[in-house]
Every structure is written in structure tokens, then in C-alpha cells.
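Given only the sequences and the hints, what does the whole structure look like? Please build it.
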Amino acid sequence: MKKFSSITRVNSRRISQNKKRVQIAVVVLLCLLALFSMPKVFRTVASVVVSPVVMTKSWFAESGSSFPQYLRNRKELLDELALMRTELAATGGERHTIKTLAQENEELRSLLGYEGEERILAGVIGRPGNIPYDSLMIDQGVSDGVREGAPVYIGDGTVIGIVKNAAPQTALVELITTPGFEATVFIMGPDIYTNAVGVGGGQLRVGVPQGIELAVGDMVVLPSITSGIYGEVSVVQSEPTRPEQYGFVSPHTPLSGIRFVSVGTTPMQSVSFEEAQQILGEIRSEFFMVPVPEDILIDTESGSSTATSSLEVSEESVDI
Amino acid sequence: MIRIILFCVLTVLGLAGPVWLFVPALLVYMFLYTSVEVVLLAAFIDAYYGYGSSLPYLYTLSTGGVLLLIHILRPHFLVYNR
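Protein sequences appear in the order of chains F and D. If you're matching positions, the first sequence starts at 0 in numbering that gives the first Met the number 0 and goes up one per residue. If you're matching positions, the second sequence starts at 0 in numbering that gives the first Met the number 0 and goes up one per residue.
Some hints here could point you the wrong way.
The following label-pair restraints were derived from C-beta to C-beta distances [unchecked claim]:
#, chain 1, residue 1, chain 2, residue 2, range
1, D, R73, F, T43, 31 to 37 Å
2, D, V18, F, S65, 29 to 35 Å
3, F, S65, D, L72, 49 to 55 Å
4, D, W19, F, L107, 49 to 55 Å
5, D, W19, F, T85, 20 to 26 Å
6, F, N72, D, R73, 43 to 49 Å
7, F, K98, D, Y48, 17 to 23 Å
8, D, Y48, F, N72, 19 to 25 Å
9, F, S64, D, V8, 21 to 27 Å
10, D, P17, F, L29, 49 to 55 Å
11, D, S61, F, S64, 35 to 41 Å
12, D, W19, F, N72, 23 to 29 Å
Output of the computed footprint for chain D on chain F, the stretches with three or more beta carbons under 8 Å from beta carbons of chain D [said to hold, decoys possible]:
#, region
13, 17-31
14, 39-46
15, 51-61
Just so you know, the hints here were simulated from the structure itself, not pulled from any lab data. Every residue, glycine too, gets a C-beta built ideally from N, C-alpha and C.
Written out as C-alpha cells, the structure is:
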């Protein structure tokens, strides 16, 4: 009984499925027949259905009425805004790339444009913090001409260290800010010579007695090993109860920002006091004097010639 | 009721909407209901848009064919629902 009812159910399902398929085939054939025999009638009937939809679509897309125009303009404005944003982002990215390339170009030019001695351009591949001690690792070594004891420069003439160990492909540079490294410095502001000691982390420490006006921003020159301003006092540690005060000097270019250095091929030479004074004088004139044309510059020398001529005129008028 | 609403949406899409939206909607409708009114819709589109075309009544024929195919394959898909 159960088997008979299940078979009957399956058979009835199969029959209804076949009926459905026949129904679909018949409808398709009837439609095709109607389309072939009465195309105009079918088209007229179809247009009754199609026309309102198409007209509404074209009203939204092309009408000059306020509502469709508002929708269209809003959409167009939003599309334009998105496009502008994309273009702006792209332009900003291009500008940033150009700026980075220009800076790198300038940096490389300053490293390699130095006249006087041959230098080796090297990329910095390790910095303090990433490698032990206050050292820099560069990607040029003995095979590229780097020698132990050679000075290492950033920019034109600012020495930041000395090659302490040269391997065939790389070299390790001991920075002048290495703990224990001592150098003579000149601090502009109080205009004094003093000794600076490396404390690591790219910082030099200068110690002066209380009473000397040491201030943040005072420029520091190392006349013995640099031909320019090394950096400026970034922090002053001064306690009235202590007889001395300390200033911490940071270089103009932070160590984390150095990507290229140049390595000299001739060893450094010691500098006498007179030479140090000369270097200081050159630094002052180079950094603080601007070549202003004579007809624009107003100076005491130009003022005295005017007073003399006016005196001569007044004397002449008295004679007359 | 839902079927009527869906059919109306399908009609609007077929007559004025983008093809990339109409075709998937049509396939979903055919799979859900497997009904002959989509053939009528295709016939209307052919009558209005296909007049004078070198391949007349292509949509009616193809819709009928796809409908038959879906009807044959539907039980095989729905076996996983049992």
C-alpha cells in the first residue's frame, strides 16, 4: 500500500512536470506565431506597456524640469567631485615624489659636488639604535676605496665621524657623538671655546660654568673637524645650585634622516688655533653676511660721504 | 503579491534598465517561479525593439529555451533542500 502510494505520487509529479514543459513550449510557439502573423498588433500592444517606462526613463535623463535636473546635477556634481578628489590625490602623490627626488638630488649634488678632494659616496645601511654603539654602517668598503681613519661627511664639509672598521663591502663609522669622543667647539652667542664630549644618540655635550649665558639655539662650530656649523644647542641643563651647566648639541641633519654620506680618501689633519680662528671667521662671513648690492645697502660708510658733501655745499653757500 | 511586484520590477528593468541587471534578475525569477509570463515579457521586448532586426524574436526563443532548461534542472538543484 505504501509502495503503491509513493509510486503514484512520483508518477503524478512526473506527469505534472511534463505538463509544465508542454505548457512552456506551447506558450513560446503561440508567442512566435503571434509575432509572425500580427507583428503590428503585437507592437502596438507592446508599446502600451513599453512607452510609459521608456518615457519616464527619458524624463529623468533628459527633461528640463526642476526635479530631474536637480537629480542629474547632483549626480553630475558628485561624480565631478569624486573625479577631482582622485586627481588631487594623484597630484599630491606626484608632488611628494617630485619633492623627494629633488631633495635627494640636492643631497647627492652636495655630497659629490665638493671640489678639492675625491670622495666616495656611500649609502647608510645601519644607524644608531639599529646597530650597537653610536655607529653608522655604510655600504662601501675596502673594495670601493674606503680606508680606516678616513673622515665621513654629510653635505659639503660637515664631518660626522671617522671610519673605524672597513670590511670588503661595508664599513663602520664611529660618530663624533660616540660616548667618550672629545672635540673643541666654539659656541656662537656667548662666543666661547669649550670642549664637547659625545654622549651617544647623536648628541654632543658641552659644559660651561654658571654665569655664561648658554641658550637653546646657540650655534655650535667644530673648527677642528668641520667647515661649517655643526648644529645648535637643543637643550640646556642648568641648576643654580651647581657650579656648571650643560648644553646638548644636535646636528642640523638628524641621524635618522641621513641616507647618504661621502667618505674622504685623505686622512684628517690637526688644526692650529690660528687656523681655527680663520675657519670661524669664514663661517661667520659665509653664514651671516649676505652680498647686498651697494646701491641698496645702507651703511655708516655710505652715510659719512653724504654728510661731507652737504657740509661742502653749506660752506660754499656761506662764501657766496 | 510578491510575485506580481517582482514581475513588475523585472518588466521595468527589461524595458528600461541595464542588461547586466536585467539578465541576472530574470534568471533568478525563472528559477524561483518557472512561469511562462517571462516568455510574454520577452515577446513584448522583441516586438518593440526587435522589429526589423536580422535576428527576429531572438529573446522569445532564448527565454523559452532557458525556461525549459531551468525547469528540467530545477529538481536536481532542489535535491539539496530535501
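Structure versus earlier hints, numbers of those that do not hold, lowest first: 7, 8 and 10
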